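As a plain string of letters, each chain reads:
Protein chains: 2
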Amino acid sequence: MKATAIAHTNIALIKYWGKRDKTLILPANSSLSMTLDQFYTETTVEWSDAFMTDQFTLNGSRIEDTKVTRFLTILRQQFGMTEKAHVTSTNHVPTAAGLASSASAFAALALAASKAAGREDDDETLSRLARLGSGSASRSIFGDFALWQKGTDDTGIDSYAYPVVAPTELDLAMVVAVVDAGPKKIDSRLGMQSTVETSPYFEAWTATAEKDLLTIQDAFKANDFKIIGETVERNALSMHATTMAATPPFSYLKPASFAIMETVHALRENGIEAYFTMDAGPNVKVLCLTKDEQQVQTALASHTDQVYICHPGPKARVIAHD
Amino acid sequence: MKATAIAHTNIALIKYWGKRDKTLILPANSSLSMTLDQFYTETTVEWSDAFMTDQFTLNGSRIEDTKVTRFLTILRQQFGMTEKAHVTSTNHVPTAAGLASSASAFAALALAASKAAGREDDDETLSRLARLGSGSASRSIFGDFALWQKGTDDTGIDSYAYPVVAPTELDLAMVVAVVDAGPKKIDSRLGMQSTVETSPYFEAWTATAEKDLLTIQDAFKANDFKIIGETVERNALSMHATTMAATPPFSYLKPASFAIMETVHALRENGIEAYFTMDAGPNVKVLCLTKDEQQVQTALASHTDQVYICHPGPKARVIAHD
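So the protein sequences, as listed, match chains A and B. Going by the UniProt record's numbering, the letters in the first sequence line up with residues 1 to 322, in that order. Going by the UniProt record's numbering, the letters in the second sequence line up with residues 1 to 322, in that order.
One should not assume that every hint holds.
[Claimed, not checked] With a cut-off of at most 27 Å between alpha-carbon atoms, the simulated BS3-like pairs for lysine-lysine come out as follows:
1. A/K221 to A/K211
2. A/K211 to A/K19
3. B/K254 to B/K185
4. B/K84 to B/K67
5. A/K185 to B/K254
6. B/K254 to A/K254
7. B/K185 to A/K226
8. B/K291 to B/K185
9. A/K315 to A/K19
10. B/K291 to B/K19
11. B/K67 to B/K19
12. A/K211 to B/K67
13. B/K185 to A/K185
14. A/K67 to A/K84
15. B/K226 to A/K254
16. A/K84 to A/K22
17. A/K315 to A/K2
18. B/K254 to A/K226
19. A/K19 to B/K67
20. A/K254 to B/K185
[As the list claims (entries may be wrong)] A few chain A positions that, by computed beta-carbon distances, are all more than 12 Å from chain B:
21. D54
22. G80
23. V93
24. R119
25. T168
26. E203
27. K221
28. E230
29. T231
30. E233
31. S238
32. E273
33. Q294
34. A301
What the hints contain is simulated information worked out from the structure, not anything from laboratory work. Just so it is clear, the structure is predicted and the values come from calculations on it, not from any experiment. All residues carry an ideal CB built from backbone N, CA and C; glycine is no exception.
When you get a sec, could you build the whole thing from the sequences and use the hints?
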């Protein structure tokens, strides 16, 4: 009744931004991501009748995390179990990089919990399970590139991720520039909710994202890095634009984020194909070809000491079980 | 057949962003502005049969300006004249402040041209005329606060500005922080056009602006500076958000603009009511009460040497004529 799993973080190339169902974590639009080799979460789950309560240990410290507690309750319902769980997680992310992601956390937790329960869930089921912990975790079940289809069913049965074929002729890299490792001012769930409820641009955002998703899939097939990159960049800016029009307006981006975006544009003007994307925080992730990754890293290093070169990473996997 | 007029720049509190008719410069939404006392254009127009061509002298240098040439042709049509014009303009704006505005330019030119033609156009007519040179110039015919109603008629007959009653119990100031005095990368007309044609958020923007306009007018009447300021800030961010979602995405704002916005938020957290707005360029204008203007200036001075305190300015006026 004990298993350990690893899942890697992923960065959305087409963003998930906004829920159509908060309880089941059903998204308003489909999204597409690249799983990163450098950052991952390793999680051990043990289910036992002998445990009086759920327990969660993160990076060596016992903590109370309402999202984890809530997720364990959901898993018990899904698995038809009554046992409590002891969960031990380690985030393999450079110290204070601010890149610890709920995506890798809930994907690793879903997989380890399933295996420890003696189940043999397929990837589709695991993706749906992980989604119930954190939306973007549905994509971290898979390596390389994954598409989380929003689905249309009210039960969430058709809302899960699956692998998409990578642009086979392109060697892609993601160079991550850490701008501010401090805690986020606005939790991504709250920011998403405020956007859905108050931004006049939200409806157009979801339509834009669906269109961008078709564009980037075509560009993947055509190995057209220019279209891939331009779509990634435009999609990220469109997402962040929705928050600027919310009431009250807010932004996850800092002046340094914008300075890095300018550097990326300058790189392009100098012939280096590099395109940025940002999530619900100030860090900037730059998509480029591996042949240019060193030059991109050097350019970003003028803004921050913390720059990491990542490549497409592996799928979630069990590394130990009883 | 010669007259000299002065018109002051204005800063939109509710932005004009997007045309429904490019030739007649009819806006997609109504807007509301504050005229500034510190920055103005002084323009002399002489109409004469003896002139072979139109001539335009700006700040002492003869230049070719297609917008001015085009506007003089329009004025001749409107006035039923054939004479050519010699136009001499001086922008009374601190050197290289990047605040020379087409609003004051075309308002002063419209007024001087009308007077020099021996006409006695009323303010409504002058506002319509100025609009044909540059949309925001329709508002610079008036002092203090002006509302440019978008109108609905295809001829533009009902698209002009008029004065709105100021919040009588509030002494307002606008502190202007010049971020980058260099030439704009993207002309505001082109930026506007790209937004109208490609931004999925444009339609929602126009609806938002109309709603913000009602909100701020109510707040003017109620002398509610908090609502005024929050509306101004949200409206500006909503406008700039439209450009981030255009194809290709673009922004008039620089990293330093965002740094100043953060400073304004910090001022508010320290109890100083200050709210930012930005136009089609990186400069940041901060609306506050006169009692706080020195503190706002001091805070902005940490970002740039060029900070100017402005107050509501006078309406356009003729200062000399034959």
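Here's how the hints hold up against the structure:
1. Restraint check: the Cα-Cα separation between A/K221 and A/K211 comes to about 16 Å, which is no more than 27 Å; the hinted pair holds.
2. Between A/K211 and A/K19, the direct Cα distance comes to roughly 18 Å. Compliance with the 27 Å bound is thereby established for this hinted pair.
3. For the suggested pair B/K254 and B/K185, the alpha carbons sit about 11 Å apart, so the restraint of at most 27 Å is met.
4. Of the supplied pair hints, the one linking B/K84 and B/K67 holds, its CA atoms being roughly 15 Å apart against a limit of 27 Å.
5. The straight-line distance between the Cα atoms of A/K185 and B/K254 is roughly 22 Å, inside the 27 Å bound, and the hint therefore holds.
6. Distance restraint check for B/K254 and A/K254: the Cα-Cα separation of roughly 11 Å lies within the 27 Å cut-off, and the hinted pair is therefore satisfied.
7. With a C-alpha separation of about 23 Å, the suggested pair B/K185 and A/K226 falls inside the 27 Å cut-off, and the hint holds.
8. With a C-alpha separation of about 36 Å, the suggested pairing of B/K291 with B/K185 is violated against the 27 Å cut-off.
9. Between A/K315 and A/K19 the CA atoms are separated by roughly 25 Å; this keeps the pair inside 27 Å, and the hint holds.
10. A hinted pair counts as satisfied when its Cα atoms are at most 27 Å apart, and B/K291 with B/K19 does not qualify at roughly 37 Å.
11. Our distance criterion of 27 Å between C-alpha atoms is met by B/K67 and B/K19, whose separation comes to about 17 Å.
12. For a cut-off of 27 Å, the pair hint linking A/K211 to B/K67 is broken: about 38 Å separates their Cα positions.
13. Of the pairs offered as hints, the one joining B/K185 and A/K185 is violated, with about 32 Å between alpha carbons and a cut-off of 27 Å exceeded.
14. Taking the CA atoms of A/K67 and A/K84, the gap is near 15 Å; set against the 27 Å cutoff, the hint holds.
15. Restraint check for B/K226 and A/K254: the C-alpha separation of about 25 Å stays at or below 27 Å, so the hint holds.
16. With a CA separation close to 25 Å, the supplied pair A/K84 and A/K22 stays within the 27 Å bound.
17. For the hint pairing A/K315 with A/K2, the CA-to-CA distance comes to about 20 Å; that is within 27 Å, so the pair holds.
18. For the given pair, B/K254 sits about 25 Å from A/K226 by alpha-carbon distance, which is consistent with the 27 Å threshold.
19. This hinted pair does not check out: A/K19 and B/K67 have alpha carbons roughly 48 Å apart, beyond 27 Å.
20. Pair hint A/K254 plus B/K185 holds up; C-alpha atoms about 22 Å apart against a cutoff of 27 Å.
21. The claim that A/D54 lies off the interface holds: its Cβ sits roughly 38 Å from the closest Cβ of chain B, which is beyond the 12 Å cut-off.
22. Chain B leaves A/G80 outside its interface by the beta-carbon criterion, the shortest separation being 45 Å against a cut-off of 12 Å.
23. Consistency note on A/V93: stated as away from chain B, and its beta-carbon is indeed over 12 Å from all of that chain's, at 26 Å minimum.
24. The Cβ of A/R119 lies farther than 12 Å from every Cβ of chain B, with a closest approach of about 43 Å, so its non-interface assignment holds.
25. Every Cβ of chain B is farther than 12 Å from the Cβ of A/T168; the closest lies at roughly 27 Å, confirming the non-interface assignment.
26. Not every CB of chain B lies more than 12 Å from the CB of A/E203, the least distance being 7 Å, so the non-interface label is violated.
27. Remark: the non-interface label on A/K221 is consistent with the geometry, its nearest Cβ contact in chain B lying 21 Å away (cut-off 12 Å).
28. A cut-off of 12 Å between C-beta atoms contradicts the statement that A/E230 is not in contact with chain B; the least separation is 7 Å.
29. For A/T231, the condition that its CB be more than 12 Å from all CB atoms of chain B is violated, with the nearest at approximately 10 Å.
30. Residue placement check: A/E233 does not keep its beta carbon more than 12 Å from all beta carbons of chain B (closest about 7 Å).
31. Non-interface call for A/S238 relative to chain B: violated, since the shortest CB-CB distance, roughly 4 Å, does not exceed 12 Å.
32. With a closest Cβ-Cβ approach of about 15 Å to chain B, A/E273 is found to remain outside the 12 Å limit, as its non-interface label requires.
33. Distance check on A/Q294: its Cβ is at least 25 Å (rounded) from any Cβ of chain B, clearing the 12 Å threshold; non-interface status holds.
34. With a least CB separation of 17 Å from chain B, A/A301 remains clear of the 12 Å interface cut-off, as annotated.
Consistency note: the structure conflicts with the earlier hints numbered 8, 10, 12, 13, 19, 26, 28, 29, 30 and 31.
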